[in-house]
Amino acid sequence: MLLAVLNQLHCHQMEDATEDEVQLRAGGGKVWPGGGPGDNFTITENTSAFMQVPVISSGDVRIELWEEDWPDPDDFLGDIVIPGNRPPGAYTGEFTRDDAHYTLHYTTVQF
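Quick note on this note's numbering: the sequence shown kicks off at 19 and runs consecutively.
These are computed hints drawn from the structure, not numbers from a lab. Any given hint might turn out to be false.
Said to hold, decoys possible - Between beta-carbon pairs, the in silico distance windows are:
#1 Val127 <-> Ala35: 37 to 47 Å
#2 Ile74 <-> Thr121: 15 to 25 Å
#3 Gln128 <-> Gly56: 27 to 37 Å
#4 Asp117 <-> Gln26: 14 to 24 Å
#5 Leu21 <-> Phe68: 17 to 27 Å
#6 Ala108 <-> Arg80: 13 to 23 Å
#7 Glu112 <-> Pro55: 20 to 30 Å
Using N, Cα and C, we set each Cβ at its ideal position, and we do this for glycine too.
Let's have the full structure, built from the sequences with the hints guiding it.
Laid out in structure tokens, this is it:
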């Protein structure tokens, strides 16, 4: 089994002009931030959000970054796949769709 702990999301470049309202999804559901399905985290360029979000899987894990764009459909900013057989350690993944650029820092543990 794989335990991936999402630790930090850093915004290098926003998708919107003034701020992004983002959320991370895995396995078809929102994993961060807490709260209801429509709750998001507001972030601006050159800032980070810190978290401790565990994601457990028996295989590969796909993490997606979405930006709220109400009343239009939300913007998909990209995804990363964390292999289920990834050795324990600290890693990063990049989200670069729709002119945005984010880095996700995470750690993995096998158990």
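Going through the hints against the structure:
1. One distance hint, 37 to 47 Å for the beta-carbon pair Val127 and Ala35, holds here, with the actual separation near 39 Å.
2. Ile74 and Thr121 have their C-beta atoms about 23 Å apart, which keeps the hinted 15 to 25 Å range intact.
3. Between Gln128 and Gly56 the beta carbon distance is about 34 Å. The supplied range of 27 to 37 Å therefore holds.
4. Taking the beta carbon of each, Asp117 and Gln26 are about 22 Å apart, inside 14 to 24 Å as hinted.
5. The hinted range of 17 to 27 Å is satisfied by Leu21 and Phe68, whose Cβ atoms lie roughly 18 Å apart.
6. As the Cβ distance of Ala108 to Arg80 is approximately 20 Å, the hint placing it in 13 to 23 Å holds.
7. At roughly 25 Å, the beta-carbon separation of Glu112 and Pro55 lies within the given 20 to 30 Å, and the hint holds.
Of the numbered hints listed earlier, not one is contradicted by the structure.
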